[in-house]
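Let chain A serve as the given structure and place chain B on it in line with the hints.
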Amino acid sequence: MKRSDEHTVSRLIALAGNPNVGKSTLFNALTGMRQHTGNWSGKTVGCAMGECRRGKNSFRVVDLPGTYSLEARSEEERAARDFICSDTPDLIAVVCDATCLPRNLILVLQILSVTSKVALCVNLMDEAEKKGICVDLSVLERALGVPVVGLSAARNRGIDEVVTLLETPVDNPRALRPEGDAAALAELAERIAKDAITNQMNKEKDPACRDRVIDRVITSKRWGFPLMLLLLAAVLWLTMVGANLPSKLLSNGLFWLEARLLDWMAAVGAPHWLTGALILGVYRTVAWVVAVMLPPMAIFFPLFTILEDLGYLPRVAFNLDRCFARCDACGKQALTM
Amino acid sequence: MMNEKSELDRISVGESLIVEHIGGESEMCRRLEDLGLTVGTEVTCLMTSPLGDPRAYEIRGAIIALRQRDAAGVVGMRQSRGEDRDEAER
Numbered sequence: 001m002k003r004s005d006e007h008t009v010s011r012l013i014a015l016a017g018n019p020n021v022g023k024s025t026l027f028n029a030l031t032g033m034r035q036h037t038g039n040w041s042g043k044t045v046g047c048a049m050g051e052c053r054r055g056k057n058s059f060r061v062v063d064l065p066g067t068y069s070l071e072a073r074s075e076e077e078r079a080a081r082d083f084i085c086s087d088t089p090d091l092i093a094v095v096c097d098a099t100c101l102p103r104n105l106i107l108v109l110q111i112l113s114v115t116s117k118v119a120l121c122v123n124l125m126d127e128a129e130k131k132g133i134c135v136d137l138s139v140l141e142r143a144l145g146v147p148v149v150g151l152s153a154a155r156n157r158g159i160d161e162v163v164t165l166l167e168t169p170v171d172n173p174r175a176l177r178p179e180g181d182a183a184a185l186a187e188l189a190e191r192i193a194k195d196a197i198t199n200q201m202n203k204e205k206d207p208a209c210r211d212r213v214i215d216r217v218i219t220s221k222r223w224g225f226p227l228m229l230l231l232l233a234a235v236l237w238l239t240m241v242g243a244n245l246p247s248k249l250l251s252n253g254l255f256w257l258e259a260r261l262l263d264w265m266a267a268v269g270a271p272h273w274l275t276g277a278l279i280l281g282v283y284r285t286v287a288w289v290v291a292v293m294l295p296p297m298a299i300f301f302p303l304f305t306i307l308e309d310l311g312y313l314p315r316v317a318f319n320l321d322r323c324f325a326r327c328d329a330c331g332k333q334a335l336t337m
Numbered sequence: 338m339m340n341e342k343s344e345l346d347r348i349s350v351g352e353s354l355i356v357e358h359i360g361g362e363s364e365m366c367r368r369l370e371d372l373g374l375t376v377g378t379e380v381t382c383l384m385t386s387p388l389g390d391p392r393a394y395e396i397r398g399a400i401i402a403l404r405q406r407d408a409a410g411v412v413g414m415r416q417s418r419g420e421d422r423d424e425a426e427r
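From first to last, the protein sequence lines are chains A and B.
First residue of the first sequence? That's 1 in my numbering, and the numbers climb one at a time after it.
First residue of the second sequence? That's 338 in my numbering, and the numbers climb one at a time after it.
Isolated chain A (complex conformation) (with noise of 0.2 Å):
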């Protein structure tokens, strides 16, 4: 931290953004290790706090959850919502994604009907990329009326750019004051996204797209159920099987060691009940554990990262929504893992 002759209170950016844009990337990205999660206070709403710094400068950023409006409708939203509208950040950093820019924009344009203290980060800027989707940043700087910065937080690309634009305090003059209800600020926010987008060629709609295809195949009567079970029933798999040899060698070596222990112990003429507490009870405890539940959590969890990152759950979520709606619940909660 600064000395405090040279302490001025740093800069708040508050990270906002539709769910899913990468907020939470660049969030990382921004703080490393620097950051910590609570709560909102009175709130059970968690929320990460963190702090950027590169060379002399640093500021605060805050990782709202992820909204779609201002029109709150749940507890993450109505947090997300109150700060934004509080007068405490210094900035709104809007992520959004490049790939759904006219859905994203409507966030943007309520959050500038409020305040102008905001930059536009345009991230998955990659990802747009491979869908053919061109998106001319320049544009949207001019129609909206504050900085916009490109990025591709999970490639590391851009960033340096952001924090640039995060470390200076902005006044932005010209920034667009949306005015009118929901409809005309989608009707607006569609206008300026299409202004900005060139070469477009709509990948999404074009059912010979090859995402489509895969799409289709995983929801299809035939193949949805089934692959679903192979593919879960292979991650299960692989975890048990995997898991067993790095077991048994953890297990081998961490026994080894108690041995070891309990020989020192004794050397060192160490009472039956101390050696009893720490090496039978409190090392040895931890040593099943360890060896027991960590191979198994190794192998899980990148696993379950890769279906994550395929973006296979949702597809999960919709092909057993059907079945969790009899049991009055949702396909969201097949993934509550």
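Note that these hints are calculated values from the structure, not bench results.
Keep in mind the model is a prediction, meaning the values are calculated, not measured.
Even for Gly, the Cβ is constructed at its ideal location relative to N, Cα and C.
Do not take every clue at face value.
[As the list claims (entries may be wrong)] Restraint-style ranges between C-beta atoms, simulated for each label pair:
id	chain 1	residue 1	chain 2	residue 2	range
1	B	E364	A	A184	38 to 44 Å
2	A	E71	B	V350	28 to 34 Å
3	A	N244	B	V412	54 to 60 Å
4	B	V412	A	D328	23 to 29 Å
Then chain B, alone, in the frame of chain A:
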């Protein structure tokens, strides 16, 4: 193909709808609005899940899954299939 009024849950996979009215529970209406489904938006049905419900729709560039009871509240003009429309334009 004739353009006619229809509910969203009745259009076939591959067909589109231009939204004219969103009915149903007000909570859901607002949620749909947040997701970009407003009057005048074009929605396309992309696929259905193995058990028939929910179905996936393309709304403003995003793929959103809607249950049948919620899609039933969205009414609009059914559009001819993409390929037929391209044919007609050519």
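Quick rundown of the hints versus the structure:
1. B:E364 x A:A184: 38 to 44 Å: 21 Å Cβ-Cβ, so the 38 to 44 Å window is violated.
2. A:E71 x B:V350: 28 to 34 Å: Once the Cβ atoms are compared, 31 Å apart, the range 28 to 34 Å for V350 (chain B) and E71 (chain A) holds.
3. A:N244 x B:V412: 54 to 60 Å: Taking Cβ atoms as reference, N244 (chain A) and V412 (chain B) lie about 58 Å apart, which means the hint holds.
4. B:V412 x A:D328: 23 to 29 Å: Roughly 28 Å apart at Cβ, these two residues keep to the hinted range, so it holds.
Against the hints set out earlier in the document, a violation occurs for number 1 only.
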